[in-house]
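Asker: Based on the sequences and whatever the hints tell you, model everything.
These are the residues of each chain, in order.
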Amino acid sequence: MKFFDIVKISQKNLLRAKLRTVLTVGAVFIGALTLSLTNGLGNGVKAYVNDQLGNVGAEGTLIVRVKQSQQNPVSTDVSEYNPDRQVGTFNISLLDETDLEKIAQIEGVLEVIPDNLPQLDYITAGDKKFEVAAYQNIEGLNLTMTAGDTVNEDVPNGITVPNKYVAPLGYNSAEAMLGTTATLGYKDANGKTKNYEVTIVGIQEQSLLGNSNIVVSQTLAEKIVKDQTDGVASLSGKYVDSTIKYDPNLSKEELDDLKQRFNDAGYGAQTVQDQIGIISTVIDTILIILNVFGLIALLAAGFGIVNTQLMSVNERTSEIGLMKALGASRKQIFLMFSIEAASIGFWGASLGAAVGIVIGTIVSDFASKDFLKDFVGFRLVAFPPLPTLAVILGIMFLAFLAGALPSLKASRLDPIKALRYE
Amino acid sequence: MKTLIEAKNLSKVYPSGGEDTVALKDINVAITQGESVAIIGKSGSGKSTLMHILATLDRPTDGELMFAGRHAHNLTPAQVDHVRNKRFGFVFQQFFLNARNTVLENVTLPLVIAGVPAAERNRKGLAMLENVGLLDKAKKRAGELSGGQKQRLCIARALITKPLVIFADEPTGNLDTENGAIVTELLFKLHKQHNITLVIVTHDPDLAKLCDRSILVKDGRIVEAA
Chain A
95 MKFFDIVKIS QKNLLRAKLR TVLTVGAVFI GALTLSLTNG LGNGVKAYVN DQLGNVGAEG
155 TLIVRVKQSQ QNPVSTDVSE YNPDRQVGTF NISLLDETDL EKIAQIEGVL EVIPDNLPQL
215 DYITAGDKKF EVAAYQNIEG LNLTMTAGDT VNEDVPNGIT VPNKYVAPLG YNSAEAMLGT
275 TATLGYKDAN GKTKNYEVTI VGIQEQSLLG NSNIVVSQTL AEKIVKDQTD GVASLSGKYV
335 DSTIKYDPNL SKEELDDLKQ RFNDAGYGAQ TVQDQIGIIS TVIDTILIIL NVFGLIALLA
395 AGFGIVNTQL MSVNERTSEI GLMKALGASR KQIFLMFSIE AASIGFWGAS LGAAVGIVIG
455 TIVSDFASKD FLKDFVGFRL VAFPPLPTLA VILGIMFLAF LAGALPSLKA SRLDPIKALR
515 YE
Chain B
20 MKTLIEAKNL SKVYPSGGED TVALKDINVA ITQGESVAII GKSGSGKSTL MHILATLDRP
80 TDGELMFAGR HAHNLTPAQV DHVRNKRFGF VFQQFFLNAR NTVLENVTLP LVIAGVPAAE
140 RNRKGLAMLE NVGLLDKAKK RAGELSGGQK QRLCIARALI TKPLVIFADE PTGNLDTENG
200 AIVTELLFKL HKQHNITLVI VTHDPDLAKL CDRSILVKDG RIVEAA
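Note that the protein sequences, when read in sequence, are chains A and B. 95 is the number of the first residue of the first sequence in my numbering; add one for each residue after it. 20 is the number of the first residue of the second sequence in my numbering; add one for each residue after it.
Derived from the structure by calculation, the hints contain no laboratory data. Glycine included, every Cβ here is placed at the ideal spot set by N, Cα and C. Just to be clear, a hint being listed does not mean it is correct.
Which stretches of chain B does chain A cover? Using the computed rule of at least three CB atoms under 8 Å from a CB of chain A, they are [what the hints assert, rightly or not]:
no.	segment
1	84-91
2	110-119
3	122-135
Answerer: Rendered as structure tokens:
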């Protein structure tokens with residue numbers, strides 16, 4: 095028998111018991127649809143997260159904090175007061191100049207850039223003032239820009255703003271806003287409002303992971319923070335965290351060693367990837383749980399295939415007997431029933447993937463226009479072709495395995511017994 | 020004349036509980052190429068079992084079966100499949116047609132199994148259907164045929180690989196007298212035209228008389244060979 099003929103006969107046989115085939119394919123379909131949607135969602139979210147990684151963390155940087163004494167939010171322990179510990183809001187231990195010097199001494203640290211957090215009141219380019227918050231620029235920060243460039247330390251009064259500020263500040267487009275001036279307003283240590291003129295050098299694309307605040311140069315951030323903390327002992331020269339630079343070519347092991355040295359010195363150091371890793375782990379866990387549901391559905395569908403095929407073998411006993419009497423080999427009979435089983439998997443999986451892609455695309459389009467409209471480039475559900483194909487092939491293999499027992503039974507039928515069956 | 024199939028001291032025993040059922044005992048048969056042989060006997064005499072063993076569909080418990088000078092038990096499974104497909108043709112009382120498939124699809128099934136390309140097998144299939152007078156029914160479903168037409172279709176299917184032997188198990192058993200006569204006539208016409216060996220299991224004495232000789236089986240033994 096030619097392979098093509100076997101495939102053709104298998105498809106014909108499937109159509110012989112239409113309702114039964116449809117129901118079995120339906121069971122596979124439900125499992126495949128679940129897998130397809132959960133994988134699509136996972137791929138969409140993770141692709142976006144990875145894409146945005148560059149937007150929040152520069153390569154070769156660690157964020158360093160003092161190791162917190164009360165990490166556990168539900169801890170019932172009360173720590174004794176320690177006059178040496180510098181604390182800020184919510185009792186967070188702060189970094190001071192001594193800490194920064196200590197950090198600079200740690201092997202592998204190339205540069206220490208304390209994180210100045212200027213408290214801005216507003217931004218304005220005319221009459222109206224708008225609330226605003228600012229980050230200090232980190233060199234190498236890979237922000238996605240709608241127009242212009244990221245902040246350059248050589249232009250201390252250059253800032254970049256998220257694109258949501260374009261219209262409120264009175265501009266038609268991001269390009270029109272480029273190169274214009276704006277005024278930042280903040281209160282100094284004495285509560286007096288101060289203005290600072292800045293130039294807009296770039297407009298940032300909105301992002302899921304931060305990036306919704308304006309970015310100012312280190313020089314400007316330092317200047318404003320100095321204005322705001324001068325003479326206030328509890329705030330002056332104290333930082334919640336500090337960015338440090340290390341050789342971006344370090345291997346994973348070397349980076350782990352570096353983090354350990356921070357740990358030994360009493361500091362906690364994390365890359366942005368570490369922080370986002372927590373998000374990824376949560377996403378992964380949710381997806382694994384959803385995938386397990388899909389796999390359970392497929393397992394049930396597998397038993398459905400076993401059942402369907404056993405019925406099919408019973409119904410076609412005399413037909414199998416005839417084929418063997420006419421010279422069909424065991425291998426051919428086994429192949430014929432196996433292809434039938436795998437075809438059930440193929441149709442179920444393909445339909446599941448196809449419907450999954452349709453649903454995913456509709457949901458993505460809706461989401462992009464609705465609750466995710468500010469997140470340019472975010473496809474909630476994504477279907478890379480290779481994993482989708484792998485899922486289809488995997489389900490076909492599962493269906494083949496489920497059909498193996500009935501196929502073997504068919505191939506082993508004694509032609510005489512099978513012919514007497516009728 | 021060349022001996023095509025030879026059975027020496029064949030026996031077939033079915034184990035059933037403690038007591039064995041003896042279906043065939045000490046069977047010695049030689050079938051020459053081109054002859055027609057009727058295997059006759061009552062129901063349960065063992066005549067169908069004998070035909071099944073001669074046709075390699077069943078295995079004897081003891082004894083030897085030779086096909087074209089070779090020991091059948093020395094044939095590999097692939098060789099047995101080849102013999103069934105190419106050398107033997109089968110016609111059964113219950114037809115064993117696929118009722119939902121077309122007449123053409125049914126007649127070409129042995130060629131599908133043999134791996135013959137579609138164009139060639141359709142050409143041969145149509146020629147075969149013309150031989151048995153069913154050419155106009157080629158596109159019909161086999162289930163729509165009458166009993167006589169079904170058996171003619173089976174004969175066409177048995178002949179399509181140009182076999183050496185046709186084994187027919189009660190070929191007229193499910194047919195009325197008129198259709199039985201048509202099928203009988205067709206079988207013997209082909210037997211003579213193509214020098215095909217004919218082995219017919221029957222309890223119809225008229226059909227047996229048409230054969231060159233008859234083998235009477237009773238209680239698993241050959242009691243009369245003429």
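Asker: Confirm or reject each hint.
Answerer: Evaluation of the provided hints:
With 0 residues having a Cβ less than 8 Å from any Cβ of chain A, the segment 84-91 of chain B misses the three-residue criterion, and the hint is violated. Look at the segment 110-119 of chain B against chain A: 5 of its residues bring a Cβ nearer than 8 Å to a Cβ of that chain, three or more, so the hint holds. Counting residues of the segment 122-135 of chain B whose beta carbon lies closer than 8 Å to any beta carbon of chain A gives 6, which meets the minimum of three for the stated coverage.
In summary, the structure is inconsistent with hint 1 from the numbered list given earlier, while agreeing with all the others.
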